[in-house]
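Visitor: Residues per chain are reported as follows:
There are 2 protein chains.
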Amino acid sequence: MNDHNEINGEMLNYQTMRLRDIIAEIVQCCDDRKLYESRKFGLPYSELKCLMLFLGERYLTVKGIAEKLDVAKSRVTTILDRLIEKRFAERIVDPKDARIKLISLTPKGKKKAEQLKDHQRKIHGRLLLEMNNEERKNVLSHLELLRTAMEAVKEQMV
Amino acid sequence: MNDHNEINGEMLNYQTMRLRDIIAEIVQCCDDRKLYESRKFGLPYSELKCLMLFLGERYLTVKGIAEKLDVAKSRVTTILDRLIEKRFAERIVDPKDARIKLISLTPKGKKKAEQLKDHQRKIHGRLLLEMNNEERKNVLSHLELLRTAMEAVKEQMV
DNA sequence: TATGATCGTTCATAGTATGAACAAATTACA
DNA sequence: TGTAATTTGTTCATACTATGAACGATCATA
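First to last, the sequence lines map onto chains A and B.
So the first sequence is numbered by my numbering: it starts at 1 and just counts up by one.
So the second sequence is numbered by my numbering: it starts at 1 and just counts up by one.
If you're looking for bench data, these hints aren't it; they were derived computationally from the structure.
Incorrect hints may have been included.
With a cut-off of at most 25 Å between alpha-carbon atoms, the simulated SDA-like pairs for lysine to any residue come out as follows [to be verified]:
#	chain 1	residue 1	chain 2	residue 2
1	B	Lys101	B	Arg91
2	B	Lys154	A	Lys96
3	A	Lys154	B	Glu25
4	B	Lys154	A	Ile123
5	A	Lys73	A	Lys96
Counterexamples of contact, computed for chain B against chain A with all Cβ distances above 12 Å [said to hold, decoys possible]:
#	residue
6	Val27
7	Arg82
8	Pro95
Think of the CB as a built atom: it goes at the ideal place given N, C-alpha and C, for glycine as much as any other residue.
Starting from the given sequences, assemble the full structure and let the hints guide the process.
Guide: Rendered as structure tokens:
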């Protein structure tokens with residue numbers, strides 16, 4: 001019984017290191033992808049992320065963008081300054097409330113956002129095509145399992 | 001047959017979006033963890049990563065650290081300046097080659113690195129304990145599958 | 001019509017990261 | 001042995017990511 005526990009402990013230790021390493025590699029891959037997209041689309045990644053928000057909605061406020069991007073409002077102001085000076089977006093004052101700025105994309109901005117969406121769909125699609133049907137389903141369900149576990153552990157840590 | 005393809009197409013489309021979302025959530029969790037560790041250990045994350053490199057080796061060069069961290073040498077110089085002014089590390093000139101600086105940790109630095117290692121082992125261990133034995137094995141093998149797919153897709157993109 | 005809340009901006013600050021230019025040291029070779 | 005080429009780490013200019021405090025303008029409300 002002691003032996004049994006020890007073997008299980010060894011196993012768990014090995015799995016722990018393996019998990020740490022694989023997660024690090026996956027995150028690295030994702031960071032590389034961000035860099036790649038940044039170069040490919042000629043914009044800093046934070047600006048690309050901001051453009052993508054407008055695929056779902058026509059108008060957004062600074063506050064709304066800050067919440068969706070999970071950054072401070074002042075950060076959003078900067079991002080929008082850059083997007084606007086490059087003519088990807090516009091600011092107009094909300095006619096119903098002069099405190100609020102309604103942000104929207106120019107046609108140039110919308111085109112960029114669409115291209116980025118297509119690109120991202122393509123690479124995630126390719127990822128799935130690297131697997132067979134059975135693997136696809138299993139990868140997805142086990143990723144979800146991992147995400148759930150991560151969120152549970154995060155709760156324990158606060 | 002047409003129907004069949006269309007249904008498969010739908011399915012693939014759905015899976016693509018799901019994959020994108022789950023990966024984004026997992027990466028977000030990892031970023032949160034980095035922030036948490038940064039606060040908990042009172043050092044910028046880049047400096048923590050640097051400390052961790054010395055768990056395997058007693059001495060490292062600037063060039064070696066740059067390769068392991070995958071950043072420019074000038075970045076390493078900055079990180080080391082900070083670690084050294086906080087007395088976590090030291091620079092000595094290689095007696096065999098005066099161009100080379102041998103970097104090592106002070107006892108204070110080693111202690112910090114050990115604490116960080118313990119913490120990371122703990123949280124990855126907890127992650128595994130959120131699952132049963134079967135799930136653990138499957139999560140690991142499917143993460144590896146995903147990583148392999150990611151690397152394959154990355155190759156296609158260069 | 002005061003006052004309290006909300007909204008977006010400005011500013012100071014810090015962290016992450018690169019690449020060009022450079023000085024010092026070493027290696028290679030003619 | 002002396003010179004050219006290479007290696008090593010640093011400095012500096014630049015850019016990107018991000019926060020939080022302070023602030024002015026505007027709005028809701030009492």
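Visitor: Against each hint, give a clear statement of whether it holds in the structure.
Guide: Evaluation of the provided hints:
no., hint, in the structure
1, B/Lys101 - B/Arg91, "holds (6 Å)"
2, B/Lys154 - A/Lys96, "violated (48 Å)"
3, A/Lys154 - B/Glu25, "holds (13 Å)"
4, B/Lys154 - A/Ile123, "holds (9 Å)"
5, A/Lys73 - A/Lys96, "holds (21 Å)"
6, Val27, "violated (5 Å)"
7, Arg82, "holds (22 Å)"
8, Pro95, "holds (35 Å)"
Comparing the model with each numbered hint stated earlier shows that hints 2, 6 do not hold.
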